[in-house]
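What follows is the residue order along each chain.
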Amino acid sequence: MTTTTIPAEPLAQAPAPAARGHVTQARVLYSEWIKLRTLRSTFFTLLTAVVAMIGLGTLFSEFTASHWQSMAPGERARFDPALTSLRGYFLAQLAIGVLGVLMISGEYATGMIRSTLSAVPKRLPVLWAKAALFTAVVWVLMTASAVVVFLIGQALLASHHGMSLSDPGALRMVLGAGLYVTVVGLLGVAIGALIRNTAGGIAALFGLLLIIPVLGEALPSSWGNHVNQWLPSNAGQSLLALHHEAHTLQPWTGFAVFCLYAVVALAGAAYLLKRRDA
Amino acid sequence: MIEAHGLTKRYGERAAVTDLTFTVRPGVVTGFLGPNGAGKSTTMRMILGLDAPTSGTATVNGKRYAEHRAPLHEVGAMLEARAIHTGRTAYNHLLALAATTGIPRRRVDEVVDIVGLRDVSRKRVGGFSLGMGQRLGIASALLGDPATLVLDEPVNGLDPEGILWIRTLLKDLAAEGRTVLLSSHLMSEMALTAEHLIVIGRGRLIADTSVDTFVSGAAGTSVRVRTDEAEGLRRLLAGPDVSVASVESTVLEVTGLTSDRIGRIAADAGIALAELTPQQASLEEAFMELTRDAVEYQTPVREKEGQAA
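From first to last, the protein sequence lines stand for chains A and B. Last residue of the first sequence: 612 in my numbering, with the numbers rising by one and none dropped. Last residue of the second sequence: 312 in my numbering, with the numbers rising by one and none dropped.
Worth double-checking, as some hints may not be accurate.
As the list claims (entries may be wrong) - When the alpha-carbon atoms are kept at most 27 Å apart in a straight line, the in silico BS3-like pairs for lysine-lysine are as follows: (1) K608/A to K456/A; (2) K608/A to K66/B; (3) K66/B to K174/B; (4) K456/A to K174/B.
Claimed, not checked - Short derived list, chain B residues pointing at chain A, Cβ under 10 Å: (5) R48; (6) P74; (7) L75; (8) H96; (9) L100; (10) D116; (11) G147; (12) N159; (13) P163; (14) R170.
Everything labelled a hint here was simulated from the structure, so no lab data went into it. Ideal placement from N, C-alpha and C gives every residue a C-beta, glycine not left out.
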């Protein structure tokens, strides 16, 4: 009798593995890029931010230009043509902040995070990739939008103290609008990773950026004058002040403080991402 | 090869998994069986490094999962069918996962074909049926052509054709020498798919054995005897390790004697038998028997009529 292999008998050895690619930060970055560009909601939210930035700035500039004659002298004196054209950043930050939170909370909501972290079990490369990618995309879009709307706005305001990019402070404000919104996005990513829930993350982000400064206004000025300038959004928005005012931080100091908030939040997110069960 | 040593997971006071030690070997399909809430998913999540064990270790091919530099090539996992962003297409979901370890686009096309999702791969996952979601989950598990597969309830939501498909697929993968671990609370499914069983209840190991041993070793392997002289036969069969139950006036359910022996006793006594059938406990019954005390959410016990211990 010849020995035959019974078909059901398994070969007790693993198959030779195919070419094995290691997980690298660059590959995770590419993976996150695929994720970013394959969600329609991402595209529309980014579009919303661009439209808000350019559309509102244009609108404010046009409105101011057409009402210049009826403005009070004091109002004319306080008029800041650069900020008028960049006002859209205030609305754009909502879209970008929400999208930043969703970068991570969206994965928790759908369960995608478990696929993501199974593929990248060291976890941190995912956070770095998301943060870096989102920051880069938002910075490019928002800076470009800020430049465009500044030029449009100043053209509309040309006959009423319109500015050029070479005027003192103008370039800093234009870049500042893009940078401020970018860091809002980064803060959103960090808070999304910390809170892991979309509604909670959005509430926390805008509570921090929009509500706390309003509450700060209610403090007696002996306190408020010291505290308020250090609040995240107040600090960050010092970049967008044409002239330095009392009880505000110097533009780049303020922005550095704002960045510090984002970095601390991101560090907290990294610590918890590594520690918590997915 | 998956190895768990003293694996324990506590959530505050509640222990989800307690001191689990087992080995899942390559070459066979291993079923991971337990009632709902027994700790199957928690154990699988610990194997994949998603949850950190409170104590103990789980290793895959000798290393903790997170220490593997090419995890998708080591272990293919399907933890929940919907671990997928609903707004993305199936194809892009796979493409993003593949990119993390440099798996080429060609392989994505391949796995899409293997699981039969070619026609819908460009559609968004939000509109997928449960069965399509399961197939996509299996596709992601197969992406890296891994030597080990960990699948949580893979047949949930599949139609009969899909169940047959996955059963064949898993057996083929095991026959290629891969390690295949699949969890289920469906005992009948395990009987058809798995060769080896790891049974847990309330987070503790109840059995680690082959399916055959599990079924034959479970209490309740009995012989059904039909005769007009049931009472006479009952007295003749009585013995220390034998229990006889009357199902009907003419039918006996005998445990502790083989059908050969019962036939011989009846013949010697001149009792005519109308039926003599060895009854193997189904995997389902064996499982119920074993896990009766280990069910998290128990319905009030209804004793089977006429069944003696």
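Evaluation of the provided hints:
1. K608/A to K456/A: holds (8 Å)
2. K608/A to K66/B: OK: K608/A and K66/B at ~18 Å, within 27 Å.
3. K66/B to K174/B: Roughly 25 Å separates the two Cα atoms, so the pair holds.
4. K456/A to K174/B: violated (31 Å)
5. R48: It holds, given that the least Cβ distance between R48/B and chain A is near 7 Å, below 10 Å.
6. P74: holds (5 Å)
7. L75: holds (6 Å)
8. H96: Since chain A brings a Cβ to about 8 Å from H96/B, closer than 10 Å, the hint holds.
9. L100: holds (5 Å)
10. D116: violated (17 Å)
11. G147: Hint on G147/B: holds, closest Cβ of chain A at ~8 Å, below 10 Å.
12. N159: This hint is violated: N159/B lies away from chain A, its Cβ roughly 14 Å from the closest one there, beyond 10 Å.
13. P163: violated (23 Å)
14. R170: The hint is violated - R170/B has no Cβ within 10 Å of chain A, the shortest such distance being about 14 Å.
Going through the hint list in order, the structure does not satisfy hints 4, 10, 12, 13 and 14.
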